[in-house]
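Participant: Sequence:
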Amino acid sequence: MPQITVEYSESLADAFDRRGFALAFHPAAADLIGSSVPGFKTRFVKLDDAVIGAGDAAEAMIHVGIALLPGRDAALKDRLGELTLATVADHLKPTPDLNTQLTVEIRDLATYHKLAR
Numbered sequence: 001m002p003q004i005t006v007e008y009s010e011s012l013a014d015a016f017d018r019r020g021f022a023l024a025f026h027p028a029a030a031d032l033i034g035s036s037v038p039g040f041k042t043r044f045v046k047l048d049d050a051v052i053g054a055g056d057a058a059e060a061m062i063h064v065g066i067a068l069l070p071g072r073d074a075a076l077k078d079r080l081g082e083l084t085l086a087t088v089a090d091h092l093k094p095t096p097d098l099n100t101q102l103t104v105e106i107r108d109l110a111t112y113h114k115l116a117r
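Its first residue numbered 1, the sequence shown is counted upward by one per residue in the working numbering.
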């Protein structure tokens, strides 16, 4: 059920193991939030055009947005945020020429419908 969108700077395309992140994150997050792995959906969006701070080319980012069904408390969402950032960091090769910001936003889904065929 979690809907996960990962936006990342184009300059990190070779350094960020996106598939590895998803395959490690899905089961770990499922255990934490009491969900099932088959319901996880992660999509990646490479940002070809983004400005970070003053626009220095040495700035990069990875932002993870996670949308969950309502009902999880703030403490659990905090732990999920920590898990998310740690898992991203584990799947990002060193980039000494870049100042990379890792961020996560966890929110409740307002409405959700699903059809599996």
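Rather than coming from a laboratory, the hints here were simulated on the basis of the structure. Glycine included, each C-beta is placed from N, C-alpha and C at the ideal position. Treat the hints with caution; some may be incorrect.
[To be verified] Computed list of lysine-lysine pairs in BS3-like fashion (alpha-carbon distance at most 27 Å, straight line):
#1 K46 / K114
#2 K114 / K77
#3 K41 / K114
#4 K77 / K41
#5 K93 / K41
#6 K93 / K114
#7 K46 / K93
[Unchecked claim] Computed beta-carbon distance windows for the label pairs:
#8 P94 / R117: 41 to 49 Å
#9 L109 / A75: 33 to 41 Å
#10 E82 / L109: 28 to 36 Å
#11 G55 / R117: 16 to 24 Å
#12 A58 / L115: 17 to 25 Å
Participant: For each hint, tell me whether it holds in the structure or not.
Facilitator: Taking the hints in turn, this is what the structure says about them:
{"no.": "1", "hint": "K46 / K114", "result": "holds (26 Å)"}
{"no.": "2", "hint": "K114 / K77", "result": "holds (23 Å)"}
{"no.": "3", "hint": "K41 / K114", "result": "holds (12 Å)"}
{"no.": "4", "hint": "K77 / K41", "result": "holds (18 Å)"}
{"no.": "5", "hint": "K93 / K41", "result": "holds (23 Å)"}
{"no.": "6", "hint": "K93 / K114", "result": "violated (36 Å)"}
{"no.": "7", "hint": "K46 / K93", "result": "holds (17 Å)"}
{"no.": "8", "hint": "P94 / R117: 41 to 49 Å", "result": "holds (43 Å)"}
{"no.": "9", "hint": "L109 / A75: 33 to 41 Å", "result": "violated (19 Å)"}
{"no.": "10", "hint": "E82 / L109: 28 to 36 Å", "result": "violated (21 Å)"}
{"no.": "11", "hint": "G55 / R117: 16 to 24 Å", "result": "violated (45 Å)"}
{"no.": "12", "hint": "A58 / L115: 17 to 25 Å", "result": "violated (45 Å)"}
The structure fails to meet hints 6, 9, 10, 11 and 12 from the earlier list, while all remaining hints are met.
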